[in-house]
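With the hints as a guide, bring both chains together as one complex.
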Amino acid sequence: MKVAVLGATKGMGRALARAMAARGDALFLLGRDPAELAKSGQDLAARGAKGVGHAPCDLETPETFAPGLAAAETALGGLDAVVVTAGLFATQDALEADPRLLGRVLDADFTGTILFCEEARKRLLARGGGTLCVFSSVAGERGRKPVALYGAAKAGLSTYLEALDHRYREAGLKTVCVKPGFVRTSMTAGLPEPPFAGDPEGVAATVLRAIDRGTPVVYAPPIWALVMLVIRLLPRFVMRKVKF
Amino acid sequence: MTKLLSGWGRIGVPGREILSEDLERITKGAVLSRGLGRSYGDSSLPPPGTLDVVATPLADRILAFDPASGRIRAEAGLSLRELHRVFMPQGFFTPVSPGTKFVTLGGMVAADVHGKSHHSTGCFGGHVHRLKMRVADGRIVECGPDLETDLFRATVGGMGLTGHVLEVDFTLARIPSPWILGEGERIHDIDAFILALKEAGKTWPFTVGWIDCLSSGSAMGRGILTRGRWATADEAPDAFPREPRPLTVPFVFPEAALSRASVRAFNALYYRQPLGRRGIRHPDQFWYPLDQILHWNRIYGRRGFTQYQCVLPESAGIDAARRFLELLTSKGGASFLCVIKDCGPEGQGLLSFPKRGISIALDMAVRDDTQAIVDALNERVIAEGGRVYLAKDTFTRPEHFRAMEPRLPEFQRIRRLWDPEGRLKSAQSVRLFGDKP
Ligand SMILES: Cc1cc2nc3c(=O)[nH]c(=O)nc-3n(C[C@H](O)[C@H](O)[C@H](O)COP(=O)(O)OP(=O)(O)OC[C@H]3O[C@@H](n4cnc5c(N)ncnc54)[C@H](O)[C@@H]3O)c2cc1C
Ligand SMILES: NC(=O)c1ccc[n+]([C@@H]2O[C@H](COP(=O)([O-])OP(=O)(O)OC[C@H]3O[C@@H](n4cnc5c(N)ncnc54)[C@H](OP(=O)(O)O)[C@@H]3O)[C@@H](O)[C@H]2O)c1
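Sequence order for the protein chains is A and B.
When the first sequence is numbered by the working numbering, its final residue is 244 and no position is left out of the sequence of numbers.
When the second sequence is numbered by the working numbering, its final residue is 437 and no position is left out of the sequence of numbers.
Here chain B stands alone, though its shape is the one from the complex (with noise of 0.2 Å):
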């Protein structure tokens, strides 16, 4: 029986890893590389009729840091968790960081991750100086914001198809201290979210809102939003945070124990948690809560699941989000875990997702009508002008995608002049982008 290889929505497709620390051998004729899994859908898949991905992990080796200006040069395959193992101590955090810690610096890159502080500072790719890459024909070229402007600017947000990250050159953020003070804040729905995400933004750097998206009418969109900031040196506690032990979901649970009614109860029960008020926040806690339970991904049942993220622009008005939760209830999309953050403006990577506007990410687990509730959101994020992020996407149909994406075509021109044989693809290429398997 063939293995599968699965993205961490758990739908797998026959794949395989090549697993090295060397990875200038490894990717050497490889059609794709792989960091920790940890995009929901198929972009880290290989295509059909493919077996071999190449995995980054084990290249993780920092090469070169210079504590001054906090630059650094490591190998792809350096994890997030890693990194701040080593800098945090050292007054040292990334620049940009996604909601969980158990990210290679290259699929940071191949996504362009943007996460609570893209209102400041962006997404990951406004940060990275140099690319060491192995493009489709073989050749090992450097690139950047200044140096085959190009190849970089099609690499980030790119989803690894335009080649193999080898090493990433980019700046840490430097910190005052290892905490974060945070607060929490209720608020009773989506339009009063939004007004008061976008105005948090304006003092706070990260800012990021967990909504109730199954309560409707007037408490349509309630939920909390969450503020924070570095603790300044006076503020945070002498002892530095340790990493706390994380729980484990030992066995794949049954389908049934998510049901509308259970999703329901979590979420009124979230919506009521006691906030805390304005204090010292763990910064794991803060950053990564979802990192506290291992294997997470496994409550969703066999069929696995996929979330949903797209970004409703600024110019569709405060009103779009509202429709969009009005379509996702009458739909019947139930989720425990819809996000709502603020998005400044659009980064470099020519499919880089986020732009200005807010954007809303949703998990559902599969189900037979999880195509048909995807088709609706998509239609109607067409209509607002906006656009899904390819890292989490599973179901959208390429008419969709090219609808939604008119930075599309230069994006498979740039391919093309890298890629003329089509070398390069994934899972998502094939299903989205229209290349050959």
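Looking at chain A on its own, in the form it has when it is part of the complex (with noise of 0.2 Å):
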């Protein structure tokens, strides 16, 4: 499989890019800072990637998509599958104080997600088709308090991930919408551990599988999925009570 990838460098882009080295997939990194993306290209050489190549890419610059999945396509010789990792995080009470970190956040996992996608999309189908996989969260299946508004961001983007799939799936186009639960990564590094919390590498062979069958909606580890329906269940009234 030809894979461009968008956050590679760091938590569960590094695992599933390694996942996917291990294989012995050709890969391209997208990502801010060139030689973060270098020496994570280097890593994924030395487990089976083949010759693998990168170029920058911010979510906060559009500007620089086209180019970036250009670079992509030409050192992969095609592309099968765009996947994006990338995305920002910050808490309710770091989000609230900071209008300026507020609106990085959304630019970044609303605006500049979907920019991305549409830019990865119109490549793909022109191609006859492939997958987009991109990672949103379980924070945007319901309006909770501590994640307000990270949490419309995501919700925001999962909405677009589901209509697309709708629109475009005939076409050859499959979207994979990954929604993490609690994983630990340096994004989580420090807050409170709730249970069901997961591994990188465990999200990143959960994903993998996902990715190979064209699943829509993946939750990982798979046991958000019943979390998230609980959640999903509780009325209001509940969930004005509940911290979580």
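Hints are supplied without guarantee of correctness; some may be wrong.
In silico DSS-like cross-links for lysine-lysine, where the CA-CA straight-line distance does not exceed 30 Å [said to hold, decoys possible]: (1) B:K3 with A:K145; (2) B:K3 with A:K241; (3) A:K243 with B:K3; (4) A:K145 with A:K50.
Residues of chain B placed beyond 10 Å of chain A at every Cβ, according to the derived structure [said to hold, decoys possible]: (5) I18; (6) L19; (7) E21; (8) V86; (9) T121; (10) A136; (11) P289; (12) P345.
Hints were generated in silico from the structure; no laboratory data involved.
Just so we're clear, the structure is a prediction, and the values are computed from it rather than from any experiment.
Think of the CB as a built atom: it goes at the ideal place given N, C-alpha and C, for glycine as much as any other residue.
Put into structure tokens, the structure is as follows:
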């Protein structure tokens, strides 16, 4: 498989790219920092990926999207899948206290991600199809106290990804929307850990299976599908009382 | 309530791990780095008054690898488990392995770890070419056996006190197959054990002994000696060894579970186990038997435990081990993990633990008399000209440490050159090296 990954330098993106490298997929890395991309490329090459190239691409700078994806297509000599794990997170308190930070998070996780997906969608469709796998979040499933703002951006993103799947699956574009629960990465380091926390390696295995099968929505770790089912069913007066 | 951080012995101090893939960022101004926390005592814990320590495990990228020579450069948080997952299928293994794969490269450098192969391959530091470090004044420097030699010698075995290791450049060992050819032998007493260990070391690259340190009299130090080497491609099964699925200890055991009687029963059973003839062993079973049970440190109960590991030098004579075990049994230090290893020559690290002789390691649940037992054992070890292993230590007193470590002033001199203001420290360095908290 020929895959462009936005966000492979850290966290779940790093783990997913490694799982792809281990089975010999060809990878092209997109991200903010060329030096970091080069190091991650080395790591993936040592783990079996074939010739890992990279190009700059920043979710907060939409002008980088088309050139980044074009570079990936050229270097890979094709494109079967585009993966977006990149995203920005901050706690509700931090976001409420700092409108500039809030602007950045909404911009990166909603506007930036969707603009990037639109560019990827066009390119994949022009090739006759492919897979677009994007990391949203369980935070977008229900309006909840600790993730009112971050969750709003992810809710918008999830809705977009669902519609994309409905609209273009027939034309050959498979959209995979990943909804991680709590996963131990540097994004969540220092936060109190809820039950059912997962690790990036486990998530990577789950997501890789979903990509291969073209599963439209995947919760990772899978138990979060059940957790969110319960949370979606809770009446509003309960949601107003609970802390989560 | 402040959170507690602890080493493998589960004796906690207030502390917090700062985790990130970006070590260069989080090591700025930090007092200490920590890997996977597999050192037993307080070497990876913050000094009193400080909470934050850098945790490296997310910084785990392989940055360069040359399949022709086996030379590799990787970030300090890379674990041995991951290293082997990637490189064993390609025919490489760490040149030196401790008894667990849940350690990081940084931790292996800082403790200058040794293993079943010390008599044949020495300590890990002997295989390192370069370290990239953040030192106390904030600079990033490279050192190695031929570059900033003092810094290198003080860092290898220096328990994190000379700077934060960011990257490690070393050479992997080439292996003919991923399987081990091993054999076990029952040995009836301690003197015979040491002779057998030294004899085995002449022809076998990997040796280790388990001894029953509760039996006394003529059976004192009876145990099982294990010898091994990598199986040749002809001897090895065709299949690649799959990593076994570990069990887990789900909760902290009550104190009473590990009474002297239960340890005695365990040891007697272990000694009589069927040995199995010479044959092919799974590499995980040979190298990492304890890793088959996750969180096994919970069996020692709420108060935690310590490992006492010392080296008894060759100069003390073959009787030194018997004298040590006699003292141990008279003090009632019960342990079902008592490991004996053959040590080759001292490594280049200024505080590196092994020296020619034998090493004895035993686990003890913390009790009211633990301090007294450790004190008594330390006095014995000092009299024999030996020393203890900092990566395991929790209870040694500073005066005992100074008495067993004539290399300490030289280490401190180099440390002060690189860190005149004493910024880098740990709970252990405050306890043992006289650092101010
Ligand atoms: C079951 C078991 C078996 C073991 N068997 C052996 C054995 O056979 N031989 C042996 O030698 N040891 C053995 N050990 C001990 C273990 O190998 C060492 O304690 C090792 O240092 C642990 O590595 P870690 O990554 O967990 O480091 P930690 O325990 O987290 O830290 C250990 C020390 O390394 C320092 N450190 C860690 N990372 C860095 C860094 N990046 N930069 C600077 N300093 C750093 C810390 O400050 C600390 O002083 C064993 C431990 C266990 C639990
Ligand atoms: N961890 C969780 O519990 C959790 C739960 C639900 C959803 N999620 C979502 O899952 C995804 C992955 O999370 P993670 O925990 O793996 O995150 P992470 O460890 O913080 O990694 C984030 C990745 O995104 C990249 N990135 C951040 N901002 C970017 C930008 N503006 N442009 C380009 N790349 C950027 C980072 O690259 P740099 O190297 O440049 O920093 C990094 O590679 C995110 O979308 C997150 O919102 C996570």
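Here is what the structure says about each hint:
Simply put, K3 (chain B) and K145 (chain A) have alpha-carbon atoms about 25 Å apart, close enough for the 30 Å limit, and the pair holds. The straight-line distance between the Cα atoms of K3 (chain B) and K241 (chain A) is roughly 27 Å, inside the 30 Å bound, and the hint therefore holds. Between K243 (chain A) and K3 (chain B), the direct Cα distance comes to roughly 21 Å. Compliance with the 30 Å bound is thereby established for this hinted pair. A C-alpha spacing of about 44 Å is found between K145 (chain A) and K50 (chain A), which places the hinted pair above 30 Å, so the restraint is violated.
Under the 10 Å C-beta cut-off, the non-interface status given to I18 (chain B) relative to chain A is violated; the minimum distance is some 8 Å. With 10 Å as the threshold on Cβ separation, the claim that L19 (chain B) sits away from chain A is violated: the shortest Cβ distance comes to roughly 4 Å. For E21 (chain B), the non-interface assignment is contradicted: its Cβ lies about 5 Å from the closest Cβ of chain A, within the 10 Å cut-off. The Cβ of V86 (chain B) does not lie farther than 10 Å from every Cβ of chain A; its closest approach is about 6 Å, which violates its non-interface assignment.
Non-interface call for T121 (chain B) relative to chain A: holds, since the shortest CB-CB distance, roughly 23 Å, exceeds 10 Å. Chain A leaves A136 (chain B) outside its interface by the beta-carbon criterion, the shortest separation being 25 Å against a cut-off of 10 Å. Remark: the non-interface label on P289 (chain B) is consistent with the geometry, its nearest Cβ contact in chain A lying 23 Å away (cut-off 10 Å). In this structure P345 (chain B) is separated from chain A by more than 10 Å, as the shortest Cβ-Cβ distance comes to about 33 Å.
In the structure shown, a violation is registered for the earlier hints numbered 4, 5, 6, 7, 8, in ascending order.
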